[in-house]
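Student: First to last, the sequence lines map onto chains D and L. Using the numbering used here, the letters of the first sequence correspond one by one to residues 12 to 735. Using the numbering used here, the letters of the second sequence correspond one by one to residues 285 to 359.
Simulated from the structure, these hints should not be mistaken for laboratory data.
Restricting the straight-line Cα-Cα distance to at most 20 Å, the calculated cross-link-like pairs of lysine-lysine (PhoX-like) are: (1) L:Lys288 with L:Lys325; (2) L:Lys317 with D:Lys238; (3) D:Lys213 with L:Lys308; (4) D:Lys276 with L:Lys325; (5) D:Lys419 with L:Lys308; (6) D:Lys284 with L:Lys291; (7) L:Lys288 with L:Lys317; (8) D:Lys284 with L:Lys325; (9) L:Lys288 with D:Lys284; (10) L:Lys317 with D:Lys257; (11) D:Lys54 with D:Lys15; (12) D:Lys15 with D:Lys173.
Footprint (simulated), chain L over chain D, 3 or more residues, beta carbon under 8 Å: (13) 63 to 75; (14) 104 to 112; (15) 245 to 253.
Computed far set for chain L versus chain D, every beta-carbon distance over 10 Å: (16) Met285; (17) Thr286; (18) Asp289; (19) Lys291; (20) Gly293; (21) Glu294; (22) Ile297; (23) Thr351; (24) Glu353; (25) Ala355; (26) Arg356; (27) Val357; (28) Glu358.
Note that beta-carbon positions come from the ideal geometry of N, C-alpha and C, so glycine has one too.
Chain by chain, the residues run as shown.
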Amino acid sequence: MIIKVALVGNPNSGKTTLFNGLTGSNQSVGNWPGVTVEKKTGKYYLDHYEAEIIDLPGIYSLSTISLEEEVAFQFVLQKKMDVIINIVDASNLERNLFLTHQLLETGFPMVIALNCMDIVKKKRQNINVQQLETMLGVPIIPITASKHQGLVDLMHQVEIAKNITRLDERRYDSAIEASVDRFTTILGNRFWAYRYFEDGIKGLYGINIKLETIKLLETVRDEESSKYPLDFDMLLPNERYERIIKIVDKAWIRPDLEKQSTTDKIDRILTHKWLGLPLFAIIMFLVFFLAFGPLGAWITEGFVNLIGLLFAWIIEGIEALGMSPWVSSLLTKGIFGGLSSVMGFLPQLTILFLFLSLLEDSGYMSRVAFIMDRILRHFGLSGKSFIPMLLGFGCSVPAMAATRTLDKIEDRRITTMIIPFMSCGAKAPIYAIFAGALFAGYSYLVVFSIYGLGIIVAILSAILFKKTIFKGVASNYLMELPEYRLPTPRNTLLHTWERIKGFVVKAGTVLLAAFIVIWFLSYFGFMNGTFQLLDEAEIGYSLLGSFGKIILPIFTPIGFTDWRSAVAILTGFVAKESVVGTLGILYGVSGDVLQNGSLLFTNIQAAFTQVQAYSFMAFALLGLPCIAALSAMSKELGSKKWFAFAVAYEMIVAYLVALAIFQIGSLSIGEMLSVLVAIAVVLIVFFSIKASRKRKKCVGGACYMCAIKDKCHNKPTDELPKSS
Amino acid sequence: MTLKDIKPGEKCIITNIHTNNLRKRIIDMGLTKGTIINVKKMAPLGDPMEILIRGYLLTLRQAEAKTIEVARVEG
Numbered sequence: 012m013i014i015k016v017a018l019v020g021n022p023n024s025g026k027t028t029l030f031n032g033l034t035g036s037n038q039s040v041g042n043w044p045g046v047t048v049e050k051k052t053g054k055y056y057l058d059h060y061e062a063e064i065i066d067l068p069g070i071y072s073l074s075t076i077s078l079e080e081e082v083a084f085q086f087v088l089q090k091k092m093d094v095i096i097n098i099v100d101a102s103n104l105e106r107n108l109f110l111t112h113q114l115l116e117t118g119f120p121m122v123i124a125l126n127c128m129d130i131v132k133k134k135r136q137n138i139n140v141q142q143l144e145t146m147l148g149v150p151i152i153p154i155t156a157s158k159h160q161g162l163v164d165l166m167h168q169v170e171i172a173k174n175i176t177r178l179d180e181r182r183y184d185s186a187i188e189a190s191v192d193r194f195t196t197i198l199g200n201r202f203w204a205y206r207y208f209e210d211g212i213k214g215l216y217g218i219n220i221k222l223e224t225i226k227l228l229e230t231v232r233d234e235e236s237s238k239y240p241l242d243f244d245m246l247l248p249n250e251r252y253e254r255i256i257k258i259v260d261k262a263w264i265r266p267d268l269e270k271q272s273t274t275d276k277i278d279r280i281l282t283h284k285w286l287g288l289p290l291f292a293i294i295m296f297l298v299f300f301l302a303f304g305p306l307g308a309w310i311t312e313g314f315v316n317l318i319g320l321l322f323a324w325i326i327e328g329i330e331a332l333g334m335s336p337w338v339s340s341l342l343t344k345g346i347f348g349g350l351s352s353v354m355g356f357l358p359q360l361t362i363l364f365l366f367l368s369l370l371e372d373s374g375y376m377s378r379v380a381f382i383m384d385r386i387l388r389h390f391g392l393s394g395k396s397f398i399p400m401l402l403g404f405g406c407s408v409p410a411m412a413a414t415r416t417l418d419k420i421e422d423r424r425i426t427t428m429i430i431p432f433m434s435c436g437a438k439a440p441i442y443a444i445f446a447g448a449l450f451a452g453y454s455y456l457v458v459f460s461i462y463g464l465g466i467i468v469a470i471l472s473a474i475l476f477k478k479t480i481f482k483g484v485a486s487n488y489l490m491e492l493p494e495y496r497l498p499t500p501r502n503t504l505l506h507t508w509e510r511i512k513g514f515v516v517k518a519g520t521v522l523l524a525a526f527i528v529i530w531f532l533s534y535f536g537f538m539n540g541t542f543q544l545l546d547e548a549e550i551g552y553s554l555l556g557s558f559g560k561i562i563l564p565i566f567t568p569i570g571f572t573d574w575r576s577a578v579a580i581l582t583g584f585v586a587k588e589s590v591v592g593t594l595g596i597l598y599g600v601s602g603d604v605l606q607n608g609s610l611l612f613t614n615i616q617a618a619f620t621q622v623q624a625y626s627f628m629a630f631a632l633l634g635l636p637c638i639a640a641l642s643a644m645s646k647e648l649g650s651k652k653w654f655a656f657a658v659a660y661e662m663i664v665a666y667l668v669a670l671a672i673f674q675i676g677s678l679s680i681g682e683m684l685s686v687l688v689a690i691a692v693v694l695i696v697f698f699s700i701k702a703s704r705k706r707k708k709c710v711g712g713a714c715y716m717c718a719i720k721d722k723c724h725n726k727p728t729d730e731l732p733k734s735s
Numbered sequence: 285m286t287l288k289d290i291k292p293g294e295k296c297i298i299t300n301i302h303t304n305n306l307r308k309r310i311i312d313m314g315l316t317k318g319t320i321i322n323v324k325k326m327a328p329l330g331d332p333m334e335i336l337i338r339g340y341l342l343t344l345r346q347a348e349a350k351t352i353e354v355a356r357v358e359g
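Chain D on its own, in the form it takes in the complex:
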């Protein structure tokens, strides 16, 4: 027997934690609303039955507004499961019970998992579970999902609940239920009657319904609505909350609420009026400083040496068996050259991913959205867009998926299109190599400036989109701030490990294959009329060398003078790590690997100037995203036209920025200064003209008495201008 069980509950109530606990999966969890954006399935076994567990994105209500909520809503409506487990966050009982009531109205078999009982106890509160059970009329099992407590009880109860349907129960005020009765007679189903009552015709989306029926419904709705003093769409929510208050007052024993919570104390500093924004800047700087500063560089150096030793040992062992020249070339130049340069940056990435996980698990992410909303609004985005952007520092793919929590399609599209400019973890090794080789001593400042460049380009792009394509569209913002939770070491390490594992697995599979292909293409070629293995002095004659020389002129204006750099940047299409790997193959190995180890830094120093290196980094940052990011982008944008536009836009921007960097950077200091002054003068003139125009246009309020109100683009306001 297989029972299908859907996990339904508010965002951030612990559904995925429960899902992981039941199925033994390692789906990503975090302390912010909207971590899960797709439904996921897993299996749970209890002695005599098997359950298919479906983890759904969190919803506050059955009236949905964003894409990921729609997934959960449709699943519940189409009754694709046998039993609902409604997860209720016990530390946030009142609001959680709202969805519970809507789910009860479906009449579907249901069990409540009362989660976070540990937090309730810690707050010296108590919940009378039996009382709650009687008043709600469904079985309730207290659990602590994070510690796997109560899960077996819960699944036993699911089996029992499977056969209990509760149809046509009347919970609310008799007048309201009478209105519902009238809709039920027309629709033939009480649940749809509740949906219609609440959302009007929009609530019936997805069911077949005749035009006459709709007309009849609307007439009845008009009749009914005249009976109530309150707006019709507020009636049911009001009624549910009134009922919830009665339940909560009886079943939830709380000490004085006025006491200041830990969350309050932390927020007094982190979202402080003056300290909030500087602290955020400092936290982000610290994360990057620790990862790419002296500490990270020092650990990386040790790690690279270790990998060198390991490879030397392996190569020595094979060499003892006798090796043909091409095997030796494959091992030292292809595999060692490629993998060592990629794997060497594992420690730095670990540090970066560890801090990103900490930010996600603690609850700080939502605060960042809160304090950044005012700024992002200028760019046509909502503070919520900042969460996907921050995730973009890890990897663009989950970051783009996270845009589904935004509730406007314009927000989602703009955010998805600017995420590739947020430098992902896989691009970090590129900066580490160039900054380490050519900007020694202040390398982390250079890396930081590259991240800054990405953010600036992202913001300018958002403004551009907002001013041109998405003119006049305003973003939405309404967000819950979760309580801070101390990230558990297990969870944080798991989270970090999942990200690192992706990196290592990719290195061992896709990248390894790519490196072998790149090695073959760059160390074989026609020389003196025969196709043969080349050594590193001759790779200009290789297949890849010939190709690289053909395409090099495209890259000459942005400072690439060596076909090897052009080829390396193109291989980034497979995965961004392979840029560094290719550099390793093409520059890294010379002479005897056993004696020299990797000479990547020295050879890069010889082949690039500082300006060339910076232009290369900028192009790698902004240019062609990797194939995984492209497919995520095409999925989230949901249209070929938008996708083509986004890719073309990104390539053009990357090229122009790199061009500007190289051309301006190549000038002498005197020339550079005059160019910068000229740009500054143009900007100042432009903005002052713009500002003076604006001032003429608007006197700040009191639009009804304004002489130019018809020509004014500002939102009309009735307020009087502040007296000066």
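Start from chain D and add chain L according to the hints.
Tutor: Relative to the frame of chain D, chain L by itself:
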């Protein structure tokens, strides 16, 4: 008086909701007539605002706050 006029540290009670944008979501998240709101703070740049409602923290923009009609409550 609207929610926008309430200062941090003050309490108020909702008397009516005139919101159009995000209306249903605001109601479903517990901002219904008669609910007590505890205004916690403004974001560093003055907007959005943070409120305590039904035991949890919610943040919303002034644009929505000024469509929520309230009466100030002492204490």
